[in-house]
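*Asks:* If you want the building blocks of each chain, they are given just below.
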Amino acid sequence: MSRRWFARLVGGFLACAALVCATEPSQAQEKKLKIGVIYDLTGPFAGGGSDLHYLGSKIIIDHFIKQGGVEGYKIEAVYADAQSKPDIAINEAIRLIEQEKVDMLLGMFSSAQCVPAAARIDQFKKFLWMTTCISSAVLENRHFRLAFRPQPSGRQFGMMSADFIAQNAKSKFGKDAKDLRVAIVHEDGAYGVDVSTGNEAGAKAAGLNVVMKEGYSATAPDLSSLVTKLKRARPDVILHTGYNPDITLLLRQSRELGLRFQALIGHGAGYGVYSKLKESLGNDVNYFFNVDPISIWLSNPSALKPELLPIIQMVGDEYLKARPDTKIKSAHVGMAASNTYLFMSQVLPRAIKQYGGVDSEALRKAALDVDLPEGSTMLGFGAKFEPETAGMAGQNTRGFPVIVQYVNDESKVVWPKALQQQEAVLPLPASSPYAVK
Amino acid sequence: MANVFDIYLLEALINGVLLGGVLGLLALGLNLIFGVIDVVWICYAELIMMGMYAMYYLYSVYHLPFIVAAILSMAGVGLLGVLLHVIVIQPLLGAAPINQLLATGGVLALLQSTATIAFGIDFKNLGIRLPVIEVADMFVSYTRLLAFGVALLGMIGMYLFLSRTYTGTAIRAIAQDRQIMPLMGVDTKRIYLITSAIGGVLAGLASCLLVLQYDVHPFIGLTFGPITFMICVLGGLGSMVGGFIASFVFAEIISVGGLYLDLEWGYVFAFVFFIVMMFVRPQGLMGRKS
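Going down the list, the sequences are from chains A and B. The first sequence runs 1 to 437 under my numbering. The second sequence runs 1001 to 1290 under my numbering.
Worth flagging that the hints you see were computed from the coordinates, not collected in a lab. Do not rely on the hints blindly, as some may be mistaken.
[To be verified] Footprint (simulated), chain B over chain A, 3 or more residues, beta carbon under 8 Å:
1) 140 to 153
2) 208 to 217
3) 274 to 286
[To be verified] With the C-beta cut set under 7 Å, the calculated list includes, among others, these residues of chain B facing chain A:
4) Phe1123
5) Val1132
6) Thr1188
[As the list claims (entries may be wrong)] Chain A is faced by these chain B residues, among others (derived, beta-carbon under 8 Å):
7) Thr1116
8) Tyr1214
9) Leu1222
10) Ile1254
11) Leu1259
12) Asp1262
Being a predicted model, the structure only gives us computed values, none of them experimental. Note that beta-carbon positions come from the ideal geometry of N, C-alpha and C, so glycine has one too.
Using the sequences and the hints, build the whole thing.
*Replies:* Take a look at the structure:
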């Protein structure tokens, strides 16, 4: 071997070593979590709350992007519009997985989308973090390994309102629970059906007298026969689950056809967008109730972990920057923000530090390790997810909704007692056009 | 039995009549267009949506009086109808019906997307609450009564226009024979334009009344489009009287069926009735055999 040849060999070796050294840090720099985010940005669900959920998730994701990522991983989000259609939601999920090569999926507003999409995403073995879609049917007896939902289930929503009515039967309505007439009306999708199942189970457990239970299509052009039927059933309390155009149609036709009742309890979705209800129905919405996770801006700050308070402030500021016309901050934005923050602050760092990366298996293990007591999320509840073997695998067992009442453009928690901000106004005062005269 | 034939049945029947009025108003313009030009405007409900937005902006944002806003909205949608004819329909008059359907379907998507971009996804409404009429323990919606009355007047007005005016006679003549009338000196292009404008104005009229009852959003057309189309087919495409009768038949089935069974069953019965009628009388209730 000549000296010149040896020098070339050493030179080549050194060049290769230098190249390896140079590329290693850049590879480290390229560590990245690519998140596919799916919400309805067009179609009826968009105005019904999905657009606000998108905003909440985006605020948190942008916050972590600005911070430079999580545990050395850059964050990149690819947003997709499900167009308020389940088939589009599935197609977009597949596109994000196959073409955009996302590491995981986050979002989805409608249970009608989550029910089929969760199964499809599971086939691709991708991690799914559902910020909303509350129907039990999304997770019940499906034993998904990689799908998780921090939000309480629709059945919990339904049971809570029935419990609230039963507990207040004697003191507010002056009747025993068995004498209180309750009507359950709901949109006929996975969301409405699940909440109504909870309503019925809760009413049965509390001994309430269910005089009517009926579903309807959220796109029905006319609900007057449903209203006439409600008049015939003469309920004291109406438990209603719907999106937005159908809620305003039902309430408008109820007013026009002279339906009277003593209380109306809505269950999230359209009932969570107060500004729209107010715009459509004016003061008629006064004293209506809504079951939902608490608005993060109504949470009791002393009951939350102190590090969450500046995040709540930041979410509120960004919300108002994005939507300067906002009068009452919608709980929807806070829900998605809190549930996204839970992932970014608890699941993701754990996956990277303890399980070595952001692949689906690492994220799954990290999600199952999360064990947070009450007050650890902006929504006030804790987090502990059901394992794969459980009937509701992936469901947060520590999530719970609250009941708020809209009084004079303010939203106050009235149930459960432990979180109560003001006493519930029951029955409807005579000033309401729906009040029993 | 007493429970079955009670005051609520009467209320449901009245609601059915009033709903029929709303549906009849929707079907009026679509039937006129098909009867004369022989093209189905699949995007008809989206024209109504544009009219509702026009009403919202003119009345709620620019604070014009309701009547002025209504006249401007009707004129605007009438102009849209003319543009639709000139830009999309006219070049396709000799094309296969499926091509015409696809083209107006494309306009449907275009109008939905344009509305989403221009007006956003929020539900908007005028915030007008008209009084309720209470008669013997029954409540009648004033807005629906108004829609019913206007639909009836619209129907009578259309009948008088078509039977008593020269242009109306020409429109009817074209509807009866598109090939012969040009040979007899009728300017078909002009008649088509007038018909499209009238169809658009009728859509505008419907939008002025619907905006009192429904929130407007870019996808409101999906609520009315399919059912309006079915009513037109049931009545006999192109037959305005048939469409009007079909509206009431459909509305009563939905209303009374929904009272005694689940609301959804009311719609199921209406659709089953539609399917059966398509077998029994494919040309529709008042349609002509081709």
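*Asks:* Hints first: check each against the structure and report whether it holds.
*Replies:* Hint-by-hint comparison with the structure:
1. 140 to 153: violated (count 0)
2. 208 to 217: holds (count 4)
3. 274 to 286: It holds, with 4 qualifying residues against the three required.
4. Phe1123: 5 Å, holds
5. Val1132: Holds - the Cβ of B:Val1132 comes within 7 Å of chain A, reaching about 5 Å at its closest.
6. Thr1188: Check failed: Cβ of B:Thr1188 comes no nearer than 35 Å to chain A, outside 7 Å.
7. Thr1116: Status holds, d = 5 Å.
8. Tyr1214: Cβ of B:Tyr1214 sits 7 Å from chain A, so the hint holds.
9. Leu1222: 6 Å, holds
10. Ile1254: Nearest chain A Cβ about 7 Å off; hint holds.
11. Leu1259: At about 5 Å, which falls below the 8 Å cut-off, the nearest Cβ of chain A leaves the hint on B:Leu1259 intact, so it holds.
12. Asp1262: Holds: closest Cβ of chain A sits about 6 Å from B:Asp1262, inside 8 Å.
Hints 1, 6, counting from the list given before, are not met by this structure.
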